[in-house]
Amino acid sequence: MDKKQYYRSIPKIDTLMETDEIKILSENCSREYVLESVRKATEDLREYINVCDSEEKINKRIETIIDDISKDVKLLTSFNMKRVINGTGTILHTNLGRAVISEEIAERVKKTITGYSSLEYDLEAGERGLRYSHFEKIVTKITGAESAMAVNNNAGAVLLILSALAKGKEVVVSRGELVEIGGSFRVPDVMAQSGGKLVEVGTTNKTHLFDYENAITDETTALLKVHTSNYRIVGFTESVSLEELASLAHKNNIPVIEDIGSGVLVDLRKYGLSYEPTVQESIKAGVDIVCFSGDKLLGGPQAGIIVGKKHLIDKIKKHPLTRALRIDKFTAIALEAVFHEYIDEERAVKNLPVLKLINRGIKDIKIQAEELYNELYPVIKDSCDISIESCESQIGGGSLPLERIDSLAVYFKPKTMTTAHLEKQLRHLETPIIGRIVNDSFIIDLRTVLEGEINLICESLKNIFE
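By numbering that gives the first Met the number 0, the letter at position 208 of the sequence shown is numbered 207, and the numbering carries on one by one without gaps.
To be clear, the hints were calculated from the coordinates, so they are not data collected in a lab.
Ideal Cβ positions, reconstructed from N, Cα and C, are used throughout, including at glycine.
Relax, there's no trap hidden among the hints.
Calculated lysine-lysine pairs in the BS3-like style (CA-CA distance at most 30 Å, straight line): (1) Lys110 <-> Lys136; (2) Lys140 <-> Lys109; (3) Lys166 <-> Lys308; (4) Lys355 <-> Lys283; (5) Lys166 <-> Lys316; (6) Lys73 <-> Lys11; (7) Lys136 <-> Lys166; (8) Lys73 <-> Lys59; (9) Lys109 <-> Lys73; (10) Lys314 <-> Lys283; (11) Lys166 <-> Lys196; (12) Lys140 <-> Lys355.
FRET-style restraints, in silico, Cβ to Cβ: (13) Ala323 <-> Ile12: 41 to 49 Å; (14) Glu26 <-> Tyr47: 24 to 32 Å; (15) Lys283 <-> Lys250: 15 to 23 Å.
Model the full assembly from the supplied sequences, consistent with the hints where possible.
See the structure below:
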């Protein structure tokens, strides 16, 4: 095979740039980006010819060079972060953005950020204000705390609290609460970073009140309680109640700090779930500082909300780290809107997507599953086995780790391709569909499929199996 002949067949860059297809690309995109892709395509083709011994394959690559350029330009100019359809059944899926924000709240954010806003302007006083002030009053009203603020996430909240209140002093923590969450974020490491001195008490499964009492010295600045929201220790266990801990701390004139994790503001037992401590209960029990996530069971944007005693919150607000960890205007607007929903618990459960998905009835899910099945079965039955089967959804996001919720899923067992190939195709759609593979079937759990997404799933699967 004369490879020199094929090297000569590679279209010149100027020639490619003058083709109608490439001209259209240049009109819709930066000419420099298109030129870069054209050069890359010719170089790749030259390397391919060098290693390929098949004339048929080389000719095909030469014939499709414009298609390759178009794909490269599209890849270069397309957005990487996309909306996806969550068919995993995990409501707070960390990899898929955790809490979904409602259309109403998104519209409020859009309306406010597309103009100037009173982010740090006190309209009443006509002077500079604080970005926390927009939601502080409503948060304190809902939780019973004296004051509130927020930073960019709950890990940052813990670091900031300890840095502001415990630097150079001892903080007492139960060994059973020295947790690690996602990203190797560990309580002992955060304590070290803050400058606080960790004092461990008790054992992994049992910590008594006297363990804390015996550990308190003149150097003790706080008692720290960490809610194990992403796992459970069961069996031969014992822990100290918040009321007991607060009573002991206040006798010694030190505060109790609690990282409650998910930030629950409603009693989830009303909706058929296991008990999860609420922020209100912690404040009522006498905890001085409570921090929690905004994008978990609260149902809002990523944030670390800090509530508690005013004199302590004021001290935290003045710490230099506060500015480094502060929330942006998007988060401030969304947080205010989310907390407004909690003025009425029924309204929150009705309007916040996280609580709606948790509270979805099986009858509603069945209607959705049957709609998907009935639309697809006549079209893809020869290429794919399809069925509706029971499954279990989960909360996710490190919340209620043992909780499983009855749900329904549509199972797809392809006949003309592997299940892994089907999963890959769905993952590479313009609007990716993310599900699970179970027993060599691709499943879509309908609990987390949102309103209006069924039609898109149907069209996507029809196109794949046509």
